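Peer 1: Please take these sequences and the hints and turn them into a complete structure.
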Amino acid sequence: MSGEFPTVKLRDEAERAEDAEDLRALLRRYEQLYTNWQREFSRLLDESGLSYARLSECSGISRNTLRHWCVSGGAPRCRSSFIRLGFGFSMTPEQTSLLLTRYGGYPGLYPRELFDAACIYQLSRGGRRYDDALALCDRCAGQTQTPGPPEGTTRAAQALRRMTADREFEAFALSHADLFRDPHEKLREFLRVRLLACGCDPVSGKSLPVHSLFAQEGISVRYEKDVSLLMTRGVVPRRERLIALGVRLGLLPNELDELLHLAGMEPLCAKNRVECILIYVLQQLALCHPELEMDSAARLLLVSPEPAVRAQCRALIGQYTAAAYHSEPDEADAALDLMRGLLASLAPDEAGELLELL
Amino acid sequence: MEGIREPLWGQWYLGEQLYAGGDTEVWALTRRGGSGRACAVKCLRIAAGDTEALSAANEERRVQERMADSGGAVAILDDLTVQTPDGWLVLLRLERLDCLAELMREGAQLSEPEVCRLAEDLLHTLVFAHRLNIVHRDIKPANIYRAPSGRYKLGDFGVSARTDEREPGALAGTAAYMAPEAAAGKPSGAPEDLYSLGIVLYQLLNGNFLPMTHDGSSHTQVQNAIAARLRGQRIPRVSCRSARLRRAVMRACSPDPKKRWGSAEQMLAALTQKKRPPAWAAGLLCALALAAGLAAGRLLGTRRAAAEPAPAEEQTALQTGQAASDTPVAVTERAEPEPVDSGDAVVHRYELIRQALGWEDARIWCESRGGHLATITSQEESAQVLALLDEAGMQAVWLGADNRNAAYGFEWVTGEPFSYAEWGAGEPNNDNGVEYYLMLQNKDGQGWVWNDSRADGFTVFDASACGFVCEWEGAS
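Protein chains in written order, with this note's numbering: chain A, 1 to 358; chain B, 1 to 476.
Wrong hints could be hidden among the right ones.
DSBU-like cross-link-like pairs, simulated, lysine-lysine; straight-line CA separation at most 35 Å [said to hold, decoys possible]:
1. K271(A) - K443(B)
2. K9(A) - K258(B)
3. K186(B) - K9(A)
4. K271(A) - K225(A)
5. K258(B) - K186(B)
Sample of chain A residues at the chain B side, in silico, Cβ under 8 Å [stated by the list, open to error]:
6. L45
7. D46
8. G49
9. H68
10. S90
11. Y103
12. G105
Just so you know, these hints were derived from the structure itself, not from any lab. Being a predicted model, the structure only gives us computed values, none of them experimental. Beta carbons: idealized from backbone N, C-alpha and C, even for Gly.
Peer 2: Structure follows, in structure tokens:
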């Protein structure tokens, strides 16, 4: 909403909560701010002044479905519905991405996927429909693409926003085959290193393969499938699963945020009740068990090929060892237990799926 | 809630879920056999030990019960608090009515008389609430309901009940309908409700679109419009045949709480006052004005035929002229003229007020009469105003535009586009950086031209030849 209570301020308050009671009071105080699709969709519709019929016409979603979301609390399931709504409400690509990530748990529009690129282009122009993006994408996909100059994701997005004609987009798509060939490269690399770090035996310096690592850590086989799909086909898991995976891999709050960022999603969002609880727990852990950060840095130091990351790890470890900290193997399990307990008591309905994953 | 199989209050069963969010759920209720009035149950889930939440739920119930006598609030028909293993469930059985927001989403466009009825119903309810020191704080279509009788009611006093524990800067209400002062964390109480109601009425009169938006507005434009309004930007005049309704709405939507209606009673009175003053009153006023020896031509720029009986506004103008040496605000209030619902083109009626007030005072004066400082957006309008001035032998008058918000340049007080201008040579020059107000000035060698002036710009003129032009709109 306009003039809304800033998410960062809410996050700050969650991080500063003293104990579970304090957090409970915070959740109650800001109840109206927490993400809720029915409330958000009704707000969007009411502010736009559009009727069901008009929005249905603009988005291609049936009137009954729209009414169901408003009146009975249903929510869209597939990614395309959120994008259709972005077109229906004449949103920008950024606003559509926020809808995708915050309410759908999907990655935002990604310039290195041809269809998403077409959506970014059409949404930036305004007055276009979902089907226009679909048709444009189909036209380009049917033609031979040639590799072009290396293009960063951000620059590609900027170029897409600047385009003024369909033929410009088609020319861009045809001459930038490389751009669309290797999506989510950074996310895959980030996860690969974290998986190596998690399964790394400090003595031998060897890492367990993903399957063995998950089996050893008791992580659900569902994650293995998610990781496999991401690595082989560039399919990004839903936000909830990505967060749960990050938690199971022992990622720190800033690392979790980076994981989400690379997946095209917003950082842990304090306006999501479940994530607000996670923010509190992770912060409590960081405050009470700083050695977890040291442990994470030590593992990363062993496997990361990035000189900058290695230097950062070295500095961090130096700081902790100078302060005579050392890590305890049971702390990660204790953290998980704390998280499960709080989620179950403070957000039993919303956290159901995450609890199952954890 | 889904697990509840036993009938509630002996005869009601859970139907479809209507809402779920946080600790609140709303379900439809059905009675065995399906007879009787439709109901819904609001369920508040409260964790064990959370006594604060329990007292907040009780407060909400208490507020709604206190409002029951108004007849204009959604009634609580039953309530029940159930202890569960995790805490409590507070259940409120409410009458289930048609929600205005849902009617609008279905494409309903309320007619002007219907909007008037809605306004009157809700104002009656607000009069009652404000007397009890209850401020709703979240008036919006989603909290307005239509009973089968056609009467409109106000629901969800949850925000109102939580008011005391609200922290500065925390949210209470909905941004799209929130008063600027509430958004700034400085709640003003009852005027907040009048503002929110004003925005709802504006939206209904504007084809269901919020102020400064229209069909085809992008999401960004909608958000910018809301943000601008919350920053205190004036909204353009709503298109509406009834001048009385328009004035009621526009005054309720004033960004400054002090310039809104003083109370719900006042707004209600303005909306429901008698449509025309009795003939004898008009005659008496006319006689008084004539006795004062005023020339009507000095004051009136109307196109109305001379034979037509003068409506009350003209009488007001006459009386103003009569008291030319007095302060204009001393003029007694009187009935507003009833506009003609003919659907014909809008007529602009101008009046010259020969008072050397500052621009701001002049603006306030015009608004207090239900008009505004004159705006000139075409050559025809300019000609009408100049005819008035020439006849009266004026030197300088204020018009209704200023550029205090330098980022937007000069803006008409009505929000009309500032696309027509008759600036004098070298104007506007913002001399000394303090010339923010639009003055119409009779300059040697140039005739009547526009000039940007300081607020006390009349000091260089003969005060008796200075004044301002007020404008009213009405159907021809």
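Peer 1: Now, for every hint given, state plainly whether the structure supports it.
Peer 2: Quick rundown of the hints versus the structure:
1. K271(A) - K443(B): violated (61 Å)
2. K9(A) - K258(B): holds (31 Å)
3. K186(B) - K9(A): holds (19 Å)
4. K271(A) - K225(A): It holds: about 29 Å lies between the C-alpha atoms, which stays within 35 Å.
5. K258(B) - K186(B): holds (13 Å)
6. L45: This hint holds: L45(A) lies near chain B, its Cβ roughly 6 Å from the closest one there, short of 8 Å.
7. D46: This hint holds: D46(A) lies near chain B, its Cβ roughly 6 Å from the closest one there, short of 8 Å.
8. G49: Hint holds; G49(A) Cβ to chain B Cβ min 4 Å, cut 8 Å.
9. H68: violated (10 Å)
10. S90: Nearest chain B Cβ about 4 Å off; hint holds.
11. Y103: violated (13 Å)
12. G105: Where the cut-off is 8 Å and the nearest Cβ of chain B is about 17 Å from G105(A), the hint is violated.
In the structure shown, a violation is registered for the earlier hints numbered 1, 9, 11, 12, in ascending order.
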